[in-house]
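Enquirer: Going down the list, the protein sequences come from chains A and B. Per our numbering, the first sequence starts with residue 64, numbered consecutively. Per our numbering, the second sequence starts with residue 300, numbered consecutively.
Check each hint, because a few of them may be wrong.
Claimed, not checked - Simulated coverage check for chain B against chain A, where a stretch passes if three residues somewhere in it have a Cβ under 8 Å from a Cβ of chain A:
1. 385-398
2. 515-523
Claimed, not checked - Residues of chain B placed beyond 10 Å of chain A at every Cβ, according to the derived structure:
3. ARG310
4. ALA431
5. TYR436
6. ALA461
7. ASP470
8. THR510
9. ARG536
10. GLY565
Simulated from the structure, these hints should not be mistaken for lab results. All C-beta atoms, glycine included, are put in the ideal place defined by N, C-alpha and C.
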Amino acid sequence: MKNEAEIRTHLAHWVAERSNTPPEEISGATAILEQRLITSLQLMELILEIELLAGNSLDVSRLRPGAFRDIDTIYKNFFARKVG
Amino acid sequence: MKQDTARLVERLCIASQGDFGSPYEFAWPERLPEDAWHFSPELLSIAGTPTGDSLSAEEARRLSFLEAVNFFSLNIHGERALLEGLASRLYRDDLYTPYLHHFLDEENKHMVYFGTYCLRYAGKIYPDRKMALPREYEPGEDDFLFFARVLLFEEIVDVYNARMAQDKRLDSVARDINRMHHRDEARHLAFGRQLVQELYERHAPGWEAATLAAVRRSLVEYVTAIWKEYFNPDVYRDMGIPEPHAFAREAFASDAARARRREISGPALRSLVSAGIFEEEISL
């Protein structure tokens with residue numbers, strides 16, 4: 064599994080690519096959903112990307128869109144405990 | 300509201316009343332035969348790929364069961380969103396409530412079949428990864444997108460249903476569920492094709508060019524998202540395939556899968572081009 068910096072960089076590049084935004088403009092606190100950098104349908108792809116990085120499936124039925132608000136929140140919710 | 304749609308709705312309501320069935324009378328066997336097919340082998344997500352071709356007969360049949368569970372699961376998720384959208388549109392004077400009641404009734408029954416199969420024989424429903432984000436819409440955009448997505452979802456599903464309903468290699472439970480679904484879907488598709496065209500003609504002339512472009516983009520994204528659900532990493536994990544997410548991505552991108560997507564969803568996408576909704580056929 065990638066370390067924290069690699070995961071954050073990977074996610075920032077992923078969002079940047081889909082939103083035509085320079086990756087350096089995607090910080091940990093950039094509001095991905097609020098700024099509509101990705102659409103509802105791209106959120107499904109982001110979930111698959113997080114699963115790929117985390118190595119397990121997410122139970123999306125228990126999640127709210129807020130869980131994907133920004134990269135800080137995504138990291139805290141899906142990686143922090145695993146990477147340590 | 301258009302007269303030809305109103306006439307079609309009248310005919311569809313009569314047909315639905317005459318074809319009123321109960322999902323609770325279905326004879327569910329205690330268990331499914333282990334040596335049977337539950338999903339047509341040519342429609343398996345990895346059919347025609349090197350991995351698909353290297354499966355033993357036993358592994359391929361196991362995959363066919365898991366893909367049947369995935370197919371019924373994705374139908375449950377699609378129909379759940381459909382029920383929510385239909386229910387919220389009942390008794391609006393610009394839509395067709397008498398048929399929406401039948402649509403709701405029939406979709407609810409389908410979910411009973413799909414859910415019973417998944418829970419009885421697999422002990423689970425594969426989870427949904429779709430999540431709706433609230434946003435603002437131009438007038439009519441929300442209705443058009445809702446019914447256009449429903450139509451695309453059902454057009455693809457119906458190809459699978461129609462083929463598997465006829466596939467004598469399949470265990471009778473899977474075959475019968477596909478057959479019953481296809482029978483109702485024929486009416487839903489007739490309604491959907493007519494309504495989507497009507498909503499487009501009603502609303503699109505009032506949209507800015509940017510809105511129309513966004514609507515088209517959203518439909519392309521939706522079709523891609525639907526197709527990704529047919530390549531579920533959870534299925535591959537249950538098959539014991541290592542790194543299932545990477546495997547799903549490779550399977551999705553394979554030439555065989557791409558050709559199958561074009562073949563199955565091509566007619567529906569071309570009909571949207573003929574209707575003027577897309578400017579050209581999209582590439583999947």
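Enquirer: A separate judgement is required for each hint: does it hold in the structure or not?
Expert: The hints, checked one at a time:
{"no.": "1", "hint": "385-398", "result": "violated (count 0)"}
{"no.": "2", "hint": "515-523", "result": "holds (count 4)"}
{"no.": "3", "hint": "ARG310", "result": "holds (34 Å)"}
{"no.": "4", "hint": "ALA431", "result": "violated (5 Å)"}
{"no.": "5", "hint": "TYR436", "result": "holds (12 Å)"}
{"no.": "6", "hint": "ALA461", "result": "holds (26 Å)"}
{"no.": "7", "hint": "ASP470", "result": "holds (27 Å)"}
{"no.": "8", "hint": "THR510", "result": "holds (14 Å)"}
{"no.": "9", "hint": "ARG536", "result": "violated (7 Å)"}
{"no.": "10", "hint": "GLY565", "result": "holds (21 Å)"}
When the structure is compared with the earlier hints, violations turn up for hints 1, 4 and 9 and for no others.
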